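Undergrad: Produce the complete structure using the sequences and hints provided.
Sequential numbering from 45 applies to the sequence shown in our numbering.
It is possible that part of the hints are untrue.
Computed Cβ-Cβ distance ranges for the label pairs, DEER-style [claimed, not checked]:
no. : residue 1 : residue 2 : range
1   : 202       : 302       : 45 to 55 Å
2   : 98        : 207       : 38 to 48 Å
3   : 409       : 144       : 42 to 52 Å
These are calculated hints, taken from the structure and not from any lab test. Computed from a predicted model, the values in this text were never measured in an experiment. We treat Cβ as the ideally placed atom computed from N, Cα and C, and that holds for glycine.
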Amino acid sequence: MSTVLGVIVIARNGDRRAFYQDPKTYAPSLTDSTALGVSDLHVLGEQLRSEYLTPGSASFISEISGGVADTQQIKVRAKAGGEGTVVFDSAIALLQGLFPPNSKNKITLANGEVVSAPLGGYQYVPMETVEPGNDRSMESWTDCPAFQKHVAAFYDSDAFKAKAKDAAPFFKDIKDYVFGRPATLENIWNIYDFMNTQLTYNQTYAYRLPPGLIDQARALADFHQDGVFSDAEANGVGNVAGRTLLHTILSSLERIAFNDDPLKLTIVQTSYQPFISFFHQTEIADKNPELKAIPNFGAALAIELRRGGPPDLRDFLRFKFKNGTADPQDWRLIHPFGHDADIPLTEFIYRAEGSAITSNKQWAKVCGVSPGFSISTTAAKVNQAAGTTTVQVAVGSMLFFALFVIATLLVRMRKARAKKYIRLPEDDVDTIEVHPEPRMEKARLV
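TA: In structure tokens form, the structure reads like this:
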């Protein structure tokens, strides 16, 4: 019987509003979480608690504090990329399910007073947010010229052109349901995401959409995203999303395996892209072709570090995948690098570390960015845009204020001049009212 020393959980965010990505650069747009999405991740947290933090479970993590969280045993990283706070919101919801309020979460003060955490013992688990302007490990595919070339090459491939030709009738059928969005295979991610979001949250749309169209859109989106976020070689740029994730996985495994390190559980809350790349990098997709697809909201990959019982006391890795909280297969075993059972830790590290991207500098080299590129380029662009807008607004406000002051002074000067004259009866003249014709002025951008 093996013992679970620790676990790494890679979790996809929960449902949210429509999310647009540029089909060529994959530059993201802001979106918002929904009650459905965070509820789903709360359920995932409860499921992880049942699997790994509940004594008596076959996968219970040895020596972990499952009641009141020991923050030295837990590491949480959450993507804080271009989509906004949706991944962060999902991480919060997951942690609420994983470590629910506990009445034992209290402290006794020096004067003997006992103080409990609010909300019945709410647990505040530290979390690291990872912004692409500072750290490329969780959104490595944006602002990456080499990745954009990879995407362009995929669009120009024979397989892509053949799929686009076969899908022509579908794109003709959906034009009335995408409201002006480009109905092309290049744009199928945005088409599917829009249709799926409307089908979930818009009752009128759900009543109108013919049966079968959403399934066709999903199949085409799976083909499209699998081609975009994968590569024939493990260290190819198409796998960049998984290659940067791999560094977090390997470093966490190293810490968990070291007896003097208290780390027991690493949670990486991310979006869907790294799943696709990681499954290709580790050859998991070769034996599980159904994973060459977009993982569902709330999907999770658990990597368990297990120590074998006597006489084989080596450390092994067991990979388990759950494609959403409602997956009928629950947690199912998947095996990397052609194995049919748990893989030795040393072998996995040996075979995987060669494709890992371990630093921002290495990421820049892989992406082929210019020598003068700064890792804060993305953040600088956002700040520059915000700064430009702020300056424009400020200048406009100053000009408006100056005009107001000048107009006020002119009115006062005219009143003062009028008081210097003696008004005679013959000075009165009929007042002529002039009604100027209205003119349309162009709106001025500031």
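Undergrad: Take the hints in turn and mark each one as holding or not.
TA: Hints versus structure:
Between residue 202 and residue 302 the CB atoms are about 49 Å apart, so this pair conforms to the stated range of 45 to 55 Å. Here the CB-CB span from residue 98 to residue 207 is close to 45 Å, well matched to the stated 38 to 48 Å. Checked against the hint of 42 to 52 Å, the C-beta distance between residue 409 and residue 144 comes to roughly 44 Å, which is consistent with it.
Checked against the numbered hints listed earlier, the structure breaks none of them; every hint is satisfied.
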